[in-house]
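Peer 1: Here is how the chains run, residue by residue.
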Amino acid sequence: DIQMTQSPSTLSASVGDRVIITCRASQTISNYLAWYQQKPGKAPDLLIYDASRLESGVPSRFSGSESGTEFTLTISSLQPDDFATYYCQQYNSYPYTFGQGTKLDIK
Amino acid sequence: EVRLVESGGGLVKPGGSLRLSCAASGFTLGSYNMNWVRQAPGKGLEWVSSITISIGSPYTYYADSVKGRFTISRDDASGSLHLQMDNLRAGDTAIYYCARSIAVRPLPLDYWGQGTLVTVSS
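So the sequences go chain by chain: R and E.
Residues 6 to 112 (our numbering) are what the first sequence spells out, left to right.
Residues -15 to 106 (our numbering) are what the second sequence spells out, left to right.
Isolated chain R (complex conformation) (with noise of 0.2 Å):
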């Protein structure tokens, strides 16, 4: 099975950061990486797919990278709708499987 090792765990931020969450998997999954943002008591939404397409209506403040297993998603500058837990997932095979998901909190 395709590991998703996803940092930090949680991450305090302020309005108008620039954060970055890192996902690196334990072997290739070419581009097929998704990342999700979940708020409590939601289902989680996409915001990216193949590593870096933005899905649609997703603000661009939002963007995605890869180099090899490592992918990146930043966030340019915080807004406070961005507090939320965001997890990334590999669909490139099954079974799929999620990163452990990072908490971005106000600090």
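One or more of the hints may lead you astray.
[To be verified] Here are the computed lysine to any residue pairs in the SDA-like style, where the Cα-Cα straight-line distance is at most 25 Å:
| no. | chain 1 | residue 1 | chain 2 | residue 2 |
| --- | --- | --- | --- | --- |
| 1 | R | Lys44 | E | Ser9 |
| 2 | R | Lys108 | E | Pro25 |
| 3 | R | Lys108 | E | Gly75 |
| 4 | E | Lys51 | R | Asp87 |
| 5 | E | Lys27 | R | Ser17 |
| 6 | E | Lys27 | R | Gly73 |
| 7 | R | Lys47 | E | Gln98 |
| 8 | R | Lys47 | E | Arg3 |
| 9 | E | Lys27 | R | Gln43 |
| 10 | E | Lys27 | R | Ile7 |
| 11 | R | Lys108 | E | Lys27 |
| 12 | E | Lys27 | R | Ser65 |
| 13 | R | Lys47 | E | Lys27 |
| 14 | R | Lys44 | E | Val(-14) |
| 15 | E | Lys27 | E | Ser105 |
| 16 | R | Lys47 | E | Tyr43 |
| 17 | R | Lys112 | E | Leu101 |
| 18 | E | Lys27 | R | Glu75 |
| 19 | E | Lys51 | R | Glu75 |
| 20 | R | Lys47 | E | Gly40 |
| 21 | R | Lys44 | E | Tyr95 |
| 22 | E | Lys27 | R | Ser72 |
| 23 | R | Lys47 | E | Pro42 |
| 24 | E | Lys27 | R | Asn97 |
| 25 | R | Lys108 | E | Tyr95 |
| 26 | R | Lys44 | E | Lys51 |
| 27 | R | Lys47 | E | Gly(-6) |
| 28 | R | Lys47 | E | Leu(-5) |
| 29 | E | Lys27 | R | Ile25 |
| 30 | E | Lys27 | R | Asp6 |
| 31 | R | Lys47 | E | Ser5 |
| 32 | E | Lys27 | R | Gly21 |
| 33 | E | Lys27 | E | Tyr95 |
| 34 | R | Lys47 | E | Ile39 |
| 35 | E | Lys27 | R | Asp87 |
| 36 | E | Lys27 | R | Asp110 |
Read the hints as simulated data drawn from the structure, not as lab findings.
Source: prediction; values computed, not measured.
Based on these hints, arrange chain E on the given structure of chain R.
Peer 2: Frame of chain R, contents of chain E only:
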């Protein structure tokens, strides 16, 4: 409007069974692979099972933690997805989400339902 609505959750004793359903509307179910993902209280997301589109017989996939106990199925004519859960354990306690992924090529879970809570406890 795309909608996925889960139902069938509840309280069940260890060793018991439940059948979850997911009603799909606003899109052609037959064009999508369908998935179940769960989230234990206060924990992260865990993929549970997937079923491919029904060209011939669909393929099914399961997490090791549920293999042999859970069965995924779909009924495209009625627009529904199901998860039969047998021999339930306390560790199966979670919110269960259904989610779709288009079947053209590997693609992520782009729409999710709001989930149904399964509690396994004596």
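Peer 1: All the hints need checking, so say for each whether the structure fits it.
Peer 2: Against the structure, the hints:
About 24 Å separates the Cα atoms of Lys44(R) and Ser9(E), which keeps this hinted pair within 25 Å; it holds. Taking the CA atoms of Lys108(R) and Pro25(E), the gap is near 15 Å; set against the 25 Å cutoff, the hint holds. At most 25 Å may separate the alpha-carbon atoms for a hinted pair to count; Lys108(R) and Gly75(E) meet this at roughly 23 Å. For a cut-off of 25 Å, the pair hint linking Lys51(E) to Asp87(R) is broken: about 36 Å separates their Cα positions.
For the hint linking Lys27(E) to Ser17(R), the alpha-carbon distance of about 19 Å falls within 25 Å, and the restraint holds. With a C-alpha separation of about 28 Å, the suggested pairing of Lys27(E) with Gly73(R) is violated against the 25 Å cut-off. This hinted pair checks out: Lys47(R) and Gln98(E) have alpha carbons roughly 7 Å apart, not beyond 25 Å. At most 25 Å may separate the alpha-carbon atoms for a hinted pair to count; Lys47(R) and Arg3(E) meet this at roughly 22 Å.
Restraint check for Lys27(E) and Gln43(R): satisfied, since their Cα atoms lie roughly 12 Å apart, inside the 25 Å limit. Taken as a hint, the Lys27(E) and Ile7(R) pair is honoured in the structure, with Cα atoms around 19 Å apart against an allowance of 25 Å. Between Lys108(R) and Lys27(E), the direct Cα distance comes to roughly 11 Å. Compliance with the 25 Å bound is thereby established for this hinted pair. Only pairs whose Cα atoms come within 25 Å are accepted, and Lys27(E) paired with Ser65(R) is rejected, the gap being roughly 29 Å.
For the hint pairing Lys47(R) with Lys27(E), the CA-to-CA distance comes to about 14 Å; that is within 25 Å, so the pair holds. Simply put, Lys44(R) and Val(-14)(E) have alpha-carbon atoms about 20 Å apart, close enough for the 25 Å limit, and the pair holds. At most 25 Å may separate the alpha-carbon atoms for a hinted pair to count; Lys27(E) and Ser105(E) meet this at roughly 18 Å. A C-alpha spacing of about 29 Å is found between Lys47(R) and Tyr43(E), which places the hinted pair above 25 Å, so the restraint is violated.
This hinted pair does not check out: Lys112(R) and Leu101(E) have alpha carbons roughly 32 Å apart, beyond 25 Å. For a cut-off of 25 Å, the pair hint linking Lys27(E) to Glu75(R) stands: about 23 Å separates their Cα positions. Only pairs whose Cα atoms come within 25 Å are accepted, and Lys51(E) paired with Glu75(R) is rejected, the gap being roughly 30 Å. At roughly 35 Å between alpha-carbon atoms, Lys47(R) and Gly40(E) are farther apart than 25 Å, so this suggested pair is violated.
Straight-line distance between C-alpha atoms of Lys44(R) and Tyr95(E) comes to about 15 Å, which keeps the hinted pair within the 25 Å bound. The hinted pair formed by Lys27(E) and Ser72(R) fails the criterion: a straight-line CA distance of about 28 Å is larger than 25 Å. With a C-alpha separation of about 30 Å, the suggested pair Lys47(R) and Pro42(E) falls outside the 25 Å cut-off, and the hint is violated. With a CA separation close to 23 Å, the supplied pair Lys27(E) and Asn97(R) stays within the 25 Å bound.
Between the alpha carbons of Lys108(R) and Tyr95(E) the distance comes to roughly 22 Å, so the proposed pair stays at or under 25 Å and holds. The suggested pairing of Lys44(R) with Lys51(E) is violated, with an alpha-carbon distance near 30 Å, which exceeds 25 Å. Between Lys47(R) and Gly(-6)(E), the direct Cα distance comes to roughly 18 Å. Compliance with the 25 Å bound is thereby established for this hinted pair. For the given pair, Lys47(R) sits about 21 Å from Leu(-5)(E) by alpha-carbon distance, which is consistent with the 25 Å threshold.
Restraint check: the Cα-Cα separation between Lys27(E) and Ile25(R) comes to about 22 Å, which is no more than 25 Å; the hinted pair holds. The suggested pairing of Lys27(E) with Asp6(R) holds, with an alpha-carbon distance near 20 Å, which does not exceed 25 Å. Taking the CA atoms of Lys47(R) and Ser5(E), the gap is about 19 Å. The hint holds against a cut of 25 Å. Restraint check for Lys27(E) and Gly21(R): not satisfied, since their Cα atoms lie roughly 28 Å apart, outside the 25 Å limit.
Of the pairs offered as hints, the one joining Lys27(E) and Tyr95(E) holds, with about 21 Å between alpha carbons and a cut-off of 25 Å not exceeded. A threshold of 25 Å between alpha carbons decides the hint, and for Lys47(R) with Ile39(E) the separation of about 33 Å lies outside it, so the pair is violated. Proposed proximity of Lys27(E) and Asp87(R) is supported: the alpha carbons are some 20 Å apart, at most 25 Å. Between Lys27(E) and Asp110(R) the CA atoms are separated by roughly 17 Å; this keeps the pair inside 25 Å, and the hint holds.
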